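> Modelling step: build the complete structure from the supplied sequences, incorporating the hints.
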Amino acid sequence: MFPGAQHLQNLHPLVIHFPIALLMGAVLLYMAAWLLKSERFAHSAFVVLVMGALSVTVAVATGLYAEQGVMLSLSVREQLLRPHKSYMLATLALCTMLTGWAILARPFPKKGRGLFLLLVLVMIGVMTVGADFGGRMVYDYNAGGTACRQPIQFTK
Amino acid sequence: MHQVFNVHPVFVHFPIALFPSALLLYGLGIMLNWRAACVAGRACLYLAVAGTMVAVATGLMAQETFPHNERIHHMMQTHKVIGLLMASASLLLVWWSFLHKAQRPKGAYPFLGLLVLVTYLALQNGDLGARMVFIEGAAVKPAVSVITGEHGGHEGAHTHHHGTEEETLGHHRH
Chain A
1 MFPGAQHLQN LHPLVIHFPI ALLMGAVLLY MAAWLLKSER FAHSAFVVLV
51 MGALSVTVAV ATGLYAEQGV MLSLSVREQL LRPHKSYMLA TLALCTMLTG
101 WAILARPFPK KGRGLFLLLV LVMIGVMTVG ADFGGRMVYD YNAGGTACRQ
151 PIQFTK
Chain B
1 MHQVFNVHPV FVHFPIALFP SALLLYGLGI MLNWRAACVA GRACLYLAVA
51 GTMVAVATGL MAQETFPHNE RIHHMMQTHK VIGLLMASAS LLLVWWSFLH
101 KAQRPKGAYP FLGLLVLVTY LALQNGDLGA RMVFIEGAAV KPAVSVITGE
151 HGGHEGAHTH HHGTEEETLG HHRH
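Top line first, the protein sequences correspond to chains A and B.
According to the numbering used here, the first sequence is numbered sequentially starting from 1.
According to the numbering used here, the second sequence is numbered sequentially starting from 1.
A hint or two may mislead.
The following residues of chain B were derived to be distant from chain A, with all beta-carbon distances above 12 Å [stated by the list, open to error]:
(1) 70
(2) 92
(3) 95
(4) 113
(5) 131
Stretch by stretch, here's where chain B covers chain A in the computed footprint (C-beta under 8 Å, at least three residues) [claimed, not checked]:
(6) 85-98
(7) 117-125
(8) 128-142
Just so you know, the hints here were simulated from the structure itself, not pulled from any lab data.
Model, not experiment: these values are computed from the prediction.
We put the CB at the ideal spot given by N, CA and C, even for glycine.
In structure tokens form, the structure reads like this:
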């Protein structure tokens with residue numbers, strides 16, 4: 001049914017779309033809820049944040065599982081994979097904390113709302129930088145792909 | 001991000017993740033008469049459609065930005081047709097989502113059927129995109145020499161250039 005997925009070295013590239021899209025979607029909806037003072041947007045943002053938190057957990061788990069098996073040179077591992085892992089673990093930590101906060105004061109914390117929004121934006125920033133390292137591994141070093149031979153050494 | 005050949009890969013996450021999310025939430029909302037899930041499903045649908053529009057636009061621009069061979073070109077054409085079809089059907093879903101009673105779309109099950117179709121198209125197109133990148137090396141920098149056949153790549157591989165419509169047609173007639 002999905003021949004591309006069958007050729008992948010691991011599940012990580014299939015999963016990563018979900019945290020990126022859902023967490024960014026949650027931020028947009030929380031921003032809309034804040035600007036428009038809309039409960040409906042706040043409820044939607046909360047649901048999307050919880051789904052994003054579940055998916056980022058799966059993405060980190062599949063990423064950690066894929067780490068040993070993915071064909072990459074040591075220099076690429078050092079320069080790209082290591083920071084990718086650090087940023088994504090930080091994203092998971094922030095997301096877990098923010099989701100917990102949102103659950104306790106659902107759907108949109110009233111107390112410390114400004115801090116909540118700021119931390120949500122920080123989480124998106126951290127995730128974006130981490131995802132950029134992931135994108136560079138795929139598009140600059142053919143991580144997880146079979147189109148060319150490994151190892152490809154890191155170049156600036 | 002500046003080192004990636006094009007920005008299309010940045011936007012493809014949205015339709016791939018948000019159409020299945022919209023389907024899940026609308027599915028739960030319609031089957032369980034759960035209004036909040038329908039509202040969240042609607043939000044996901046609109047975000048998915050906005051993401052699809054940007055993904056289609058950046059995809060159309062991206063086809064000119066990296067060297068590719070005949071095989072990637074054919075895959076890209078199929079990817080384009082599916083993408084345009086999906087974008088059109090998703091706009092129909094947006095229009096349909098406005099026709100609702102207590103957030104439940106009128107003709108809820110046909111609506112869900114169309115959403116299943118759009119989700120399937122999004123996942124199939126994502127899969128085709130993954131084949132282009134991970135197997136064929138489309139837009140992957142170190143794969144350029146393989147694609148252009150400089151270092152003994154795919155059998156019969158050659159660089160495929162997009163020209164004007166006339167040039168392109170002429171190229172394919174050969």
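> Each hint needs a verdict: does it hold in this structure or not?
Hints and how they fare:
Against the 12 Å criterion, residue 70 of chain B stays outside the reach of chain A, whose nearest CB is about 15 Å from its own CB. With a minimum CB-CB distance of about 21 Å to chain A, residue 92 of chain B clears the 12 Å threshold, and the non-interface call stands. At roughly 20 Å, the least C-beta separation between residue 95 of chain B and chain A is larger than 12 Å, which holds for a residue marked as non-interface. Consistency note on residue 113 of chain B: stated as away from chain A, and its beta-carbon is indeed over 12 Å from all of that chain's, at 18 Å minimum.
Against the 12 Å criterion, residue 131 of chain B falls within the reach of chain A, whose nearest CB is about 4 Å from its own CB. With 0 residues having a beta carbon nearer than 8 Å to a beta carbon of chain B, the segment 85-98 of chain A misses the requirement of three or more and the stated coverage is violated. Counting residues of the segment 117-125 of chain A whose CB falls under 8 Å from any CB of chain B gives 0; the rule of at least 3 is not met. Residue count for the segment 128-142 of chain A with a Cβ under 8 Å from a Cβ of chain B: 8. That meets the three needed, and the coverage hint holds.
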